[in-house]
Amino acid sequence: MQLEQRLWQPRDGWRLLNSDGALSPALVIFFASPGTTDDGARYNELKAFYPAASIIGCTTGGEISETDVHDGSIIATAIAFKHARLVFAGTSIGGEERNSFDAGVRLGRGLPRPGLRGVFLLSDGTQVNGSELVAGIQHILGPDITITGGLAGDGSSFVSTRVGFNANPEPGKLVAVGFYGPEIRLGYGSVGGWDAVGPERLVTRSAGNTLFDLDDLPALDLYKKYLGPEAANLPASALLCPLRIHPVGKPEASLVRTVIGIDEERKAMIFAGTIPQGHVAQIMLGHFDHLIAGAGQAAQKAAFPEAQLAILVSCIGRKLLMGQQIADEVEAVHDVLGQACRLTGFYSYGEIAPLENSPFCDLHNQTMTITTIAEA
Amino acid sequence: MHRLLQRQLKKARGGKADGAIDLDTLLGLVDGAYGEFERQHRVLAHTHNVMREEHGQLNARLSRLRDAISQMGAGFSIWDSEDRLVLWNQRMHEILSHVTDDIQQGAVFTELIRRATPFVVSIGGTRDSLEWVAARVARHRNPTGPFEMAFTNGRYVQVWEEKTGEGGIVSLYLDITDRKRAEQELLQTKEAAESANQSKSQFLANMSHELRTPLNAVLGFSEVMMSEIMGPLGDRRYHEYAKDIHDAGSHLLDIISDILDMSKIEAGHFDLDAQWIDVADPVGETLRLIGARARDGGLTISREIEPNLPPLYADLRSVKQILLNLLGNAIKFTPAGGKVTVGARLLPNRGLSLSVSDTGLGIAAEDIPQALKPFGQIERALSRRHGGVGLGLPLSKHLVELHDGTLDIASEPGKGTTVSIYFPPGRVGRAAAVAS
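As you go down the protein sequences, you meet chains A and B in turn.
Going by our numbering, the letters in the first sequence line up with residues 1 to 376, in that order.
Going by our numbering, the letters in the second sequence line up with residues 1001 to 1436, in that order.
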């Protein structure tokens, strides 16, 4: 497996970061700051660099290259495989097609099962229910195929995200790449590092992914109390306080849920996943050191000595909280994986990886999720 | 140099180690970082305040909870996942004070139980103390519902245990000594009453036997006198007196036989001699015995026996006795010109029903339960006029129940009464009874 990485920045245009030599890549993955790809010029330039490659990518809430976190850039990684074969599946969502599970089924059907070792997935980040999407793919492929990836980002705006597959990125697109052959090796790790603080509260009123009341008091009021001066920046600032939920008496079955919208009129909060009534909920806060340590743990889970490339999909909420210090978590990952492993990645609206202690994959929130790739 | 400033410089050099520093970029990054620090500081300061407020609220909740627990009538304790005592109330201390003085923070459940062993009477029937400790600890770790413990000081405690969300155990101890004593007293009273009832039945059985022996003499000799075997009695009135003695004696014998049967049933000594019978047989036999009395009373008797009835597995003597009782009552309580009907039919569920209907006085619905009690004959005036001690119906009911059947009374005062007895399908044969 050979790699080449290029970084585009407004001031300097494309710059070669590293290269294993003249290579003819089968795959180019790029992560682009919102707005940088709108005119199609960057995509055409990439196509010119790597005319024979399949090019996939998405918009972000921040781009990761080496140990740097950028805004306003594009990071592209070209990968040439010696043995491994790739199969791509693309689909769209939106308009008449609103069902994320069905979109997952379409992607799964595009990836033949024999020889399949793993799937990397990029999806629109605002029109898709990530849990349903992953369930749809697993419905076709079964639980023993590891699916990792993420939902595209739109900075901290949460308006429109784009995904591209051999075309300039557009809203409502999804692409999955299947890795085939015995020589390919994949690893993954997904850890949050947020701390559940304050009292446990009961979800006394909710419907689907809308949370109305905690302990019979409006959830939005509680969030505003926690956010204080940051309440003015809702819903983005709610990413500073994810919600941990679990069934009564079963803290081991905890899930982290992220706020994706608010309803001022009904004093309700809308989350990226279901909030079941009767569950115990606890607000979480981020301690920088713990979040950075969490990223390091994710790297440890994903690490194997020969790993050549690590794709980091980290939550936009972590970056909103830590600001420029967010690069510390990338450095923590780099410290674990070492010099030999190239890094790329982006800040996303949702990370996809298997659940802890379960073969089933799901959408995660607020984590650092790492996919490591190597070829024997 | 701070790593943040190093990164900012790297970016200001356009990522190149020897690149020229773009001052605007550097200032923008540094300014941004100051802004972020200020914002993060605000968030942290605010979070600190929120935490302080929530901490206060939690403390208030905790103290309310402690108050509630200390006011409970039951003993209360919480054990953590390592089975160490973390919270308890004074009442728990009181209930277990004679067992152990080690109720304190961090006390280990198994050790407390081990020390309590000499003060416990039994649990689950075992008297082996090691076995008991093992059973008690196992039950504590996997609660299966409330159970009772008896202590050597005579007190009883009911224990409820439940798992907590954190993997510990919450225990409730309820002193149920008063309730236990009341239950024991009730049990003793019940046993005494049952024993008295048993004695009564035994006494009646003995008495009936003792009464029957002299009655045989009365009946025998009055019959000898009536038939004038040893010569004429002389005055015609002697003959009538002898007949009166015989009738009264027969009546007395019937009563004594009923009492004897009743006491045997109540004492559980009545044995059925069940065999396959054709119900038409006891019906015919009974009607022959009682027909003359009906005609004397000016009554019509009719039979409504379904043809080809299957055989019934029953005690023939009991069935006859039931029919005699029911027909006797019907004749007794139906005025002249009335009608008595004996019926038998197969039910849709293949059970068998026998019934005796009359057009007589009838019984009010509220009096039916009384009529079914021994010696419960309705209305003393009625009984004086019609004779009898009121054993017929209750005895019949018992006899039917000994056959796993039931006895029902349907009646309306002034219109008549139908007494039906049902035998369950299990006592009814498949084929039609062979004509005997």
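Worth double-checking, as some hints may not be accurate.
As the list claims (entries may be wrong) - Simulated restraints on C-beta separations:
| hint | chain 1 | residue 1 | chain 2 | residue 2 | range |
| --- | --- | --- | --- | --- | --- |
| 1 | A | Thr204 | B | Glu1401 | 35 to 45 Å |
| 2 | A | Thr204 | B | Pro1369 | 10 to 20 Å |
| 3 | A | Glu264 | B | Gln1104 | 28 to 38 Å |
| 4 | B | Gly1035 | A | Leu355 | 49 to 59 Å |
| 5 | A | Thr67 | B | Glu1053 | 19 to 29 Å |
| 6 | B | Ala1365 | A | Thr204 | 49 to 59 Å |
| 7 | A | Ala293 | B | Met1001 | 52 to 62 Å |
| 8 | B | Asp1102 | A | Gly228 | 44 to 54 Å |
| 9 | A | Gly35 | B | Glu1038 | 24 to 34 Å |
| 10 | A | Ala293 | B | Ile1078 | 26 to 36 Å |
Said to hold, decoys possible - The calculated DSS-like cross-link candidates involving lysine-lysine, where the alpha carbons are at most 27 Å apart (straight line), are:
| hint | chain 1 | residue 1 | chain 2 | residue 2 |
| --- | --- | --- | --- | --- |
| 11 | A | Lys47 | B | Lys1016 |
| 12 | B | Lys1190 | B | Lys1373 |
| 13 | A | Lys224 | A | Lys267 |
| 14 | A | Lys250 | B | Lys1163 |
| 15 | B | Lys1264 | B | Lys1190 |
| 16 | B | Lys1373 | B | Lys1332 |
Said to hold, decoys possible - Coverage of chain B stretches by chain A, computed from C-beta distances (three or more under 8 Å per stretch; other residues unrestricted):
| hint | stretch |
| --- | --- |
| 17 | 1038 to 1044 |
| 18 | 1053 to 1067 |
Since the hints were made in silico from the structure, they are not lab data.
C-beta: ideal position from N, C-alpha, C; glycine also.
Okay, the hints, checked on the actual structure:
| no. | hint | in the structure |
| --- | --- | --- |
| 1 | Thr204(A) x Glu1401(B): 35 to 45 Å | violated (57 Å) |
| 2 | Thr204(A) x Pro1369(B): 10 to 20 Å | violated (54 Å) |
| 3 | Glu264(A) x Gln1104(B): 28 to 38 Å | violated (53 Å) |
| 4 | Gly1035(B) x Leu355(A): 49 to 59 Å | violated (37 Å) |
| 5 | Thr67(A) x Glu1053(B): 19 to 29 Å | violated (39 Å) |
| 6 | Ala1365(B) x Thr204(A): 49 to 59 Å | holds (54 Å) |
| 7 | Ala293(A) x Met1001(B): 52 to 62 Å | violated (24 Å) |
| 8 | Asp1102(B) x Gly228(A): 44 to 54 Å | holds (48 Å) |
| 9 | Gly35(A) x Glu1038(B): 24 to 34 Å | holds (27 Å) |
| 10 | Ala293(A) x Ile1078(B): 26 to 36 Å | holds (33 Å) |
| 11 | Lys47(A) x Lys1016(B) | holds (25 Å) |
| 12 | Lys1190(B) x Lys1373(B) | holds (20 Å) |
| 13 | Lys224(A) x Lys267(A) | holds (10 Å) |
| 14 | Lys250(A) x Lys1163(B) | holds (12 Å) |
| 15 | Lys1264(B) x Lys1190(B) | holds (21 Å) |
| 16 | Lys1373(B) x Lys1332(B) | holds (19 Å) |
| 17 | 1038 to 1044 | holds (count 4) |
| 18 | 1053 to 1067 | holds (count 4) |
Checked against the numbered hints given earlier, this structure breaks hints 1, 2, 3, 4, 5, 7; the rest are met.
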